[in-house]
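What follows is the residue order along each chain.
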Amino acid sequence: MKKFAKTLSLAAVSGALIFTSACANKEASKEEKKVAVSSLPDAGDFKDQLTLNLSGSVTRGKVEDGNYVQKKLEEQFNVKIVNTKTDTWNADQVNLMVASGDLPDTFAFTTGGKTAQELFDSGLTRTIPKEMLEKYAPLYMKMLSENPSGDKMNLKNGTDKEYLSLIGQYAHVDGLVWGPTFRLDWMEKLGIKPPGEIKQVGPSGGREKIYYTDGAYTIKEMEEILKAFTFNDPDGNGKNDTYGISPWNNNTNWTHTLMGSFGIAPTFNLMEDGKLVTTEISQNYKAFLKQMAKWYDMGLIDPEFTTLDDKKSWEKYKQGKVGYYVAQPSYIAMDDWAKGRAPQNIVENPDSTAKLLATAPEIGKDGQQGEGSFIPVGNLADAFYVSKDVTDEQLARILQIFDYINFDNDARWTLYGEVGVHSDWEGEPEKSALKVRPEFAEQEGNSGFWAYNFRTYDKERVSWFQSEYTMKVKNELYAREDVKEKMMIRPYKWDLFNETKIKELEKRYKGQLDTIVAEFRMKAIVGEVDIDKEWDSYVENWKNNGGQEILGELEKAPKASDLLKQ
Amino acid sequence: MQTTLERIKTKPQRQVSEKWVRMKKMKSLYFMMLIPMVMLFIFNYIPMYGVIIAFKNFSPGLGIMDSPWNNFEHFKRLFSDFLFLRAFQNTVFISLLKIIIVFPAPIIFAILLNEIKSEKFKKVSQSISYLPHFMSWVILSAMVIEVFSPQRGIINYVITIFGGDPINFLSDKTSFIPILILTDMWKELGWGAIIYLATIASIDPGLYEAAEMDGAGRFHKMIHVTLPSIMPMVIIMFILRLGSVLNAGFDQILNLYNPLVYEVADIIDTYVYRSGLEQFQFDYATAVGLFKNVVGIVLILSANAIIRRKSEHGIW
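Chains as they are written, first to last, in my numbering: chain A, 1 to 566; chain B, 1001 to 1316.
Hints were generated in silico from the structure; no laboratory data involved. Hints are not guaranteed to be accurate.
Here are the computed lysine to any residue pairs in the SDA-like style, where the Cα-Cα straight-line distance is at most 20 Å [as the list claims (entries may be wrong)]: (1) A:K510 <-> B:E1073; (2) A:K355 <-> A:D335; (3) B:K1076 <-> A:E506; (4) A:K510 <-> B:L1085; (5) B:K1292 <-> B:G1050; (6) A:K318 <-> B:Q1151; (7) A:K321 <-> B:Y1157; (8) A:K507 <-> B:F1075; (9) B:K1173 <-> A:E534; (10) A:K321 <-> A:N232; (11) A:K543 <-> A:E506; (12) A:K510 <-> B:L1078; (13) A:K507 <-> B:N1057; (14) A:K484 <-> A:D174; (15) B:K1123 <-> B:I1194; (16) B:K1076 <-> A:N545; (17) A:K152 <-> A:P376; (18) A:K312 <-> B:I1139; (19) A:K543 <-> B:F1082; (20) A:K321 <-> B:Q1151; (21) A:K312 <-> B:E1146; (22) A:K501 <-> B:E1073; (23) A:K311 <-> B:W1137; (24) A:K459 <-> A:G168; (25) A:K543 <-> B:R1077; (26) A:K321 <-> B:N1156; (27) B:K1076 <-> A:G546; (28) B:K1123 <-> B:T1199; (29) A:K318 <-> B:E1146; (30) A:K286 <-> A:D366.
Given the structure is predicted, the values throughout are model-derived calculations rather than measurements.
For reference, chain A alone in the conformation it holds in the complex (with noise of 0.2 Å):
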């Protein structure tokens, strides 16, 4: 038995030598050719067929062969294309692609925090030149000069003429994301007057329950609004069975516009008292954990909130016990995306009485208002990686591709087809969203809309999403430019450029430091520890358990104000 035992160990661990021989990945050469640009084929001359493997920032493995994108882009540009049958939305299935090598020859999902530095130096991207980009992809380049320090970001440590990576607009994100809301029929049942003149959504289809104002109350008076909501009775029930606010457990985005009031937003970083500290460790954040204690002690907050996920909270609001909840402006315009979330849920219903009032931020004691931006600097975020073997002459037919249909609004037939035939104007033409017609995927699929673009939207891309009532109230409130002038808030310093080890630093102590400060905030709000006792052992121990080191590598980076001149 001994002896067979020793065999089948010496069988397995020699079996899995010869595999691992086999299998092993050569080191990707790190050694940089200098692309012959001028060598390539000029823009435009596509004589040469070429194979193209291609995915972009929707790609969720639903593409159909042989879609209609697909043929007319292949017909455009003489490629043959390969679709990408994966999803790569889901994490699994993302990690095992990474962890093989075997991408796609052009890719946008998020690979769970590695930074495009950290993906050419594993060898799985490869640089994309500067000279190519301009040759190629004129449109793209406008863009990055269009925008503050763009044609800086994602170059490849040491250089100014290499991308690691390209980079997307976010028009769909600016302005304020989320935004207070109050039941304005249990405020009119109270006697509670709105901040200021308000304005019905839309005229119809849930729209004309919900009101928007850009007038805001202040922190004080909202106090009395949410005491009113849980102790007045406001749904006439004869019950004390109402709450204030219903937050929920598994992020912080209820927290945006009030931690705004208080000037901070969350994961940002500022300068107290002459110090550099992250949001989390500042007073300001104290005074706004205060608050909140202060609130659930009064009984103000539904102290279900610690059990509760955004999911299962939306649920719970839709209920009808609960007064106050935050909004993107999609969801107060009551966008198909946003169906079922609230605290739009609780106006979908036909029969419903309920009445919504969607208001600027909270104001705080010192008179701060806002959230933090989004996007921390500028308007430009994600990625769209090219893969490490994808070849100078692919690159350059790739860019063209990539440059026609996420930069050229006539190719609005990638995303929607041809208006009339694929798709429909939802209200007025060129002036609401598109809506592809129910026999063709509104993604992917046999349409293969979406299917190889990347998520960069100008304006006027974002106009043919987003229906013409989120455009309303973004431009009315949500993103006016006095709004985001006086209202967004922007970290201290940023390391826009990658020239810290700050990403590094966050992965090593992330899960770390988020489980020090989720504990202390849930504590802190339900009351489980004194805030003023324990804030300094609470501070204490953030810092040593990596966050001080976090602190010494922001120092190093630039601040944001800076960046945003540039």
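Based on the hints, put chain B in the right spot on chain A.
Leaving out everything else, chain B in the frame of chain A:
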């Protein structure tokens, strides 16, 4: 004439040839076994080489073999992280509680089921007890959250009827662990009893008849016949359960816990999920997995050795 020494020398050779003859006779069966053996080797043993990334800074582009060694960095990180040590402590505590409370439950349940006279009632009870096993913790957790809800839950409804204040059980450190244990027992009780019911069914009826003739009642037959007869199976299951002592119920806890109960409920798997896998740190997660496996195998081997010394039962 053979000397004694020659006889000793040739004995193993004779055994080998006898074995070979037997194997040749059953060659078709061995051939059938070959395919699963090869599959087992390919899919279960060969991939094990990947465990070396626990000692490396794994880089997908470089592959497993070419990624650089990191001087036990992941293990140093594990044991210097107070949150990991807390998670380790919680894992062991929850797991031991489950072994003490949940492990015997299916045994008792199987013995009690065996005592039910009505076959119909027995089958219905069995089927009902299996049901929760087939539901994922994603669904069950929603049910548990509703049952223990401070506003809608039946438990708090009863508490308030008697004039008490609602309790947020799932956010309370003292009640969270008992809820974990109870719900785990509820989910796995019926399914876990199957193996014991099968063992009970194989007990020689003659033993019961003999006990009856000796004047044993139902209780005494249960204690002196049923229980000793299923004891070898109980021991095997116990040893195997010890091997997974560092698996305290990832799905269950992930779906039920919240930051207020991290202090008692954050186990190795949930902590590594948040700090390792979510951050794409396969190498770190592998180091944790390796650590858990080593602890598991040490426990299995030790328990088996101890039990073997005290009784004739055991896995090997």
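How the hints compare with the structure:
1. A:K510 <-> B:E1073: Cα-Cα ~17 Å, so holds.
2. A:K355 <-> A:D335: Roughly 17 Å between the alpha carbons, so the hint for A:K355 and A:D335 holds.
3. B:K1076 <-> A:E506: holds (18 Å)
4. A:K510 <-> B:L1085: holds (17 Å)
5. B:K1292 <-> B:G1050: holds (16 Å)
6. A:K318 <-> B:Q1151: Holds, at roughly 15 Å.
7. A:K321 <-> B:Y1157: holds (18 Å)
8. A:K507 <-> B:F1075: holds (16 Å)
9. B:K1173 <-> A:E534: Distance of about 19 Å is within 20 Å: holds.
10. A:K321 <-> A:N232: Given that 20 Å is the threshold and the Cα spacing comes to 12 Å, the pair holds.
11. A:K543 <-> A:E506: The given pair, whose Cα atoms are some 13 Å apart, holds under the 20 Å limit.
12. A:K510 <-> B:L1078: holds (14 Å)
13. A:K507 <-> B:N1057: Status holds; Cα separation ~13 Å.
14. A:K484 <-> A:D174: holds (8 Å)
15. B:K1123 <-> B:I1194: holds (12 Å)
16. B:K1076 <-> A:N545: Holds - the C-alpha atoms of A:N545 and B:K1076 are around 14 Å apart, at most 20 Å.
17. A:K152 <-> A:P376: Holds - the C-alpha atoms of A:P376 and A:K152 are around 16 Å apart, at most 20 Å.
18. A:K312 <-> B:I1139: holds (13 Å)
19. A:K543 <-> B:F1082: holds (13 Å)
20. A:K321 <-> B:Q1151: holds (11 Å)
21. A:K312 <-> B:E1146: holds (11 Å)
22. A:K501 <-> B:E1073: The hint holds at about 18 Å.
23. A:K311 <-> B:W1137: holds (17 Å)
24. A:K459 <-> A:G168: Distance ~13 Å between A:K459 and A:G168 Cα, so the pair holds.
25. A:K543 <-> B:R1077: holds (16 Å)
26. A:K321 <-> B:N1156: holds (18 Å)
27. B:K1076 <-> A:G546: holds (15 Å)
28. B:K1123 <-> B:T1199: This hinted pair holds, its Cα atoms lying about 17 Å apart.
29. A:K318 <-> B:E1146: holds (16 Å)
30. A:K286 <-> A:D366: OK: A:K286 and A:D366 at ~15 Å, within 20 Å.
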